[in-house]
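Enquirer: Letter by letter, the chains look like this.
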Amino acid sequence: MPTSRTTPRRVLMGVVGAAAALALTACGGVKTTSSGGGEGKYPTGNIEFSVGASAGGSTDLITRALAQGMSKELGVSTPVLNKPGANGALNAKELQSAKADGYKIAVQNASLFTITPLTVSPEEATKIDSFDVITGISRDDYVMATNSQSGFTSIGDMKKSGKTIRYGTTGVGTGAQLASALTFKSAGIDATAVPFDGGAPALTALLGNQVDVSTMQIGEAIENIKAGKLVPLAVFSDKRIDYLPDVKTAKEQGFDVLVTQYRFLTAPKGTPEDVKARLLDAAKKTFATDEYKKFNEQNSLTPMEVSPQEVLTALQQDTAKYKKQLDEFGISLAG
Amino acid sequence: MDISPILDGFGIVLEPSNLIYCLIGVIVGMLIGVLPGLGPGATIAILLPITYGIGPVSAIIMLAGIFYGAQYGGTITSVLLRLPGEASSVVTVFDGFALARKGKAGTALGIAAIGSFIGGTVSILGLTLLAPIVAGFALDFGPPEYAALGVLGVLLISSIGNGNKLKAIIAAAVGLLIATVGRDTFTGAERFTFGSLNLAEGIDFIPIAMGLFGLSEILYNLEERHNQVHAPAKVGNVWPSRKDLGQAKGAIGRGSLIGFLLGVLPGGGATLSSLAAYAFEKRRAKQPERFGKGAVEGVAAPETANNAAATSSFIPLLTLGIPANATMALIFGALLIQGIQPGPQLVTEHPDVFWGVINSMYIGNILLLIMSIPMVGVFVKILRVRPAILAPITVLITLLGAYTVRNQVYDIFLVIGFGLLGYLMKKLGFEPGPLVLAFVLGPMIENSSRQSLLIFGGDPTGFFTRPISGTVLALVLVVALWPLISKAVRRKPAPVPAGPPADPPVEPPVEEKTP
Amino acid sequence: MTILVGYLPTPEGDAAVEAGLREGALRSERVVIVNSPRRGAPVDEHKIDDDASAALLARARAAGVDAEVRQPLHDDDLAETFESLVEETGGTLIVIGLRHRSLVGKFILGSEAQRILMEASVPVLTVKADR
Amino acid sequence: MPITDPLEEEVAEETRPPHAGPVPQVVAALVALAVGVAGAIGSFGLGLGELTHPGPGLWPFAISIVIAVLSLTLVVTGRGLQDAERFSKATLLTAAGLVTLILLAALLPLIGFEIPSLLLVCVWLRWLGKESWRSSIVISIVTVAAFYLLFVLLLQVPLPRLI
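Residue numbers (the UniProt record's numbering), protein chains in the order written: chain A, 1 to 335; chain B, 1 to 515; chain C, 1 to 131; chain D, 1 to 163.
In short, the hints are calculated from the structure, not lab data. Just so you know, even glycine gets a beta-carbon here, dropped at the ideal spot from N, CA and C. Hints should not be assumed to be uniformly reliable.
[Claimed, not checked] With the Cβ distance kept under 7 angstroms, some of the chain A side facing chain B (calculated, not the full set):
#1 Leu-118
#2 Val-120
#3 Arg-166
#4 Ile-189
#5 Thr-192
#6 Pro-195
#7 Thr-204
#8 Ala-205
#9 Leu-207
#10 Gly-208
#11 Gln-210
Could you build all of it, start to finish, from the sequences and the hints given here?
Expert: What follows is the structure in structure tokens.
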């Protein structure tokens, strides 16, 4: 290995480099925003939609449909980024600490704020106060279904069978878990929860007879229900669902279990009013398109395009109710 | 069988953007196949962040193109310089270089290109026919089966590697342990996070792959491993004569079959199949002494087989969700990043991805055949670029690429950390491959086995009484006990004489690569 | 005592060998033909293969000179490579070919010949290619 | 696979520098052992649960035990292995390269990517690659310009930058 020759140039280079670095940092400062950001009227750059669930699930599909429509309205591209984990808590944490400039927004689930806090320590819970709600989006109800081979047709049938029911849920701290746990407890059925990471694997396990029943969002199960592969046992809404008019609610079957999932568009706390107004306007215009309405139908979603205040009220009421019921039955949702 | 999804797949591939990604993939693949240094694994790892921005089908088409394109590229340096650009082209050196010395380098390259094309195509046909059949059993795969498959995958990769088995298994286990960092999906408990928010989300696959495969390779190569400089070789006429083709015909056919079969086996892969195909041809030849002195079959067989295997190794990935080798583990990761879980459900849930990727291989192979013959001269020129110039550029792509994934400097430090780990592992005889692979499969194994235990009511015998998981676990046992079995088999006489011919002793450096 | 001849497969290189062999015959000294490729790249177009070096040796025999071909690798220091060869073989003369290069080209790429000229401790004979 | 090993070994053998002695082998195994033991202690603290209700620590605990046991075996049996490479003077090159990487990561958020990248490429070319001053400077400037074009202008990646 030959040694490199020392040249005055080498020293000179170092000095020049260091000086240039210092000079530039002193007067410049470092930029990170992508295109355009800063000058001009919002939005000037890409608006990132992050999703706290893996691609293909309801939240992801809704985000993509909304992002697509809003992209047209706002005239910028709206990349959708999946950041799955902990029922969206990881994504929420990231959004919460993002810059409140309207360039990073997310569709979030009610269950993250109403149910997840019941399963984790208070400091870990995501709080709605950390976000600005822009608008409600849609309701997505749960259905408990079983494989057509099981022979069950109602919650009562499961009780009659007398065996331990193994039920799939879409994860710890989700509405699916809460609805199932409340149902089995209030019906006095012996049951074990098997948490999966989202609706798709819970559905797959049910179709493959790995579990006896699964509770999923309607959109995830409806195709297989129509095809006769799955038999719906109950829905957990107040009234019957338009998409499954023949399926009795849990209430009708005598169990006071009311759990629904709804979603709303959020931005980090402190997002400027004009930015929020612009986003709301774009969302409303998207809701009004035929394309988006058709999307809702295809995915069995009930529109819930309400004001931020109504979203907040609903969240508060649900939280209080779930807490009371869990205490009453002595259910712990954590592992 | 319903062929409309297959035809739709062709529609997807023929979209101009996908054609371009396919073209980019095979060109990049050929380039890195030619260049000693970066292997397809390292390249795919480095390019992973870019796949973030493009759709899943395009991303996988491109990454797949890199993988099988590298098999073509590796031939060129083997033949012209006795320098296998890829581990899977090592045997091509013997007869390829001998042919080159006879002034028939062109013939060797031509035969290799034709063989590669045929091998690849046969394998895709097999993939097309076989994959949906395997996928038909999809619903029978529940958590216990996935758990068993995951264990089998980790075990196979650790036991069929090149190095010390014990070290490989330790590396794999460390990979499994690293995968547990972060929040537990069952209880929400934080594991090994030491209170760090960055770790609460677990460790991302991209920095691990980029560090252990990409950066470690560069750091390792900094220690001057290339002290051979070659004179430029003459290529000559690339089109093989009728006589040469006739000689190679059988070898190409058998190479396709061997490559397809060994590629499907997890852990088999391109390297193994090229070696096996060469050994097989030599054994059945009437004049085995011709081998090593410029036998056309000696080029045709391994080159056909490595391409066939590269293609068929997609079968376990796309149908069962088991990556057959470290490169497949990266593609597995790329699919996960895109929100697609490879497995039995893939063909029904994402037919666009499934058939798009498979059919892109037909197109990619045609592109490679068209390119490889006229462009041989161009690729040979690349060898004149000094690795010292490429290294800093690659490093910069790696580090800035890691940053772009989540826009966090933390990820750059992760890449550097894992780069150092990978470098030390290589120096100390640990392969990074099993670690990365186990890291990918870890969550699947853990979640599935915990779900299974819940389903079984805590009774672990359930794993063995279900037909599929039981069979898979029996396979796990066979693999685990393989050293003993093979010892018993080897006691029989007539070991296969597969050593290379005494004449040209192979002196140039062969790259240590991630397979 | 030996004469070192820098050789590249170019007209200038051939001219250098020609001159080197002539000097070797005149002085009855051994000739070492130095064909030094740059370290690093797997292939260097300046490196000659075995056939070409055999041809060079044949030329030397025809000229009645005892010769050998050396192919040491060099980094960014061809001049140093020559210096160490001078020391090792007891060189008395370096013969190199010169090619014409424009001023700009010389600025960007530098001139190895110039550095050999400046740094060599023995006389350097430079020749041009036959026109 | 018995058929193929000799082939591969013959080709691969010559590239590797002299193998390291038993000390690095044992040290490596001990490090792995330490990882296993630390993992086992950490996961035990998380709670193992039972088979019917596995706790968060059960799986990592099982893996850690496997690591520990296998590493212990390696400490005992791995002494004579020849698959480790000796750390030589060339290792210093790698160490130097590593330092430049860390510097780049540390400086990136402070002064943007341009200057650290320029210096990194330049250092790698000039000292690790032994290129001439001229080509080092030209290539590093061109590289950084190309990255700027690609990442900032074309891909619009929010890299910290000066310009």
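Enquirer: Indicate, hint by hint, whether the structure satisfies it.
Expert: Verification of the supplied hints:
1. Given hint, Leu-118/A at the interface with chain B, is violated; its Cβ is 11 angstroms from that chain's nearest Cβ, farther than 7 angstroms.
2. Proximity of Val-120/A to chain B holds as hinted, the smallest CB-CB distance being about 5 angstroms (cut-off 7 angstroms).
3. A hinted interface residue such as Arg-166/A counts as satisfied when its beta carbon comes closer than 7 angstroms to some beta carbon of chain B; here the least separation is about 5 angstroms, so the hint holds.
4. For Ile-189/A, the suggested interface contact is broken, since its CB lies about 15 angstroms from the closest CB of chain B, more than 7 angstroms.
5. The closest approach between the C-beta of Thr-192/A and any C-beta of chain B is roughly 6 angstroms, which is under the 7 angstroms cut-off, so the hint is satisfied.
6. Hint on Pro-195/A holds. Least Cβ distance to chain B is approximately 6 angstroms, under the 7 angstroms limit.
7. Because the smallest distance between the Cβ of Thr-204/A and any Cβ of chain B comes to about 6 angstroms, under 7 angstroms, the interface hint for this residue holds.
8. The restraint placing Ala-205/A at the interface with chain B holds, with a minimum CB-CB distance near 6 angstroms, inside the 7 angstroms limit.
9. Satisfaction of the interface hint for Leu-207/A is found here, the shortest Cβ-Cβ separation to chain B being roughly 5 angstroms, below the 7 angstroms cut-off.
10. Interface restraint check: Gly-208/A against chain B, minimum CB-CB distance 4 angstroms, threshold 7 angstroms, status holds.
11. The criterion of a C-beta within 7 angstroms of any C-beta in chain B is met by Gln-210/A, whose closest approach is roughly 3 angstroms, and the hint holds.
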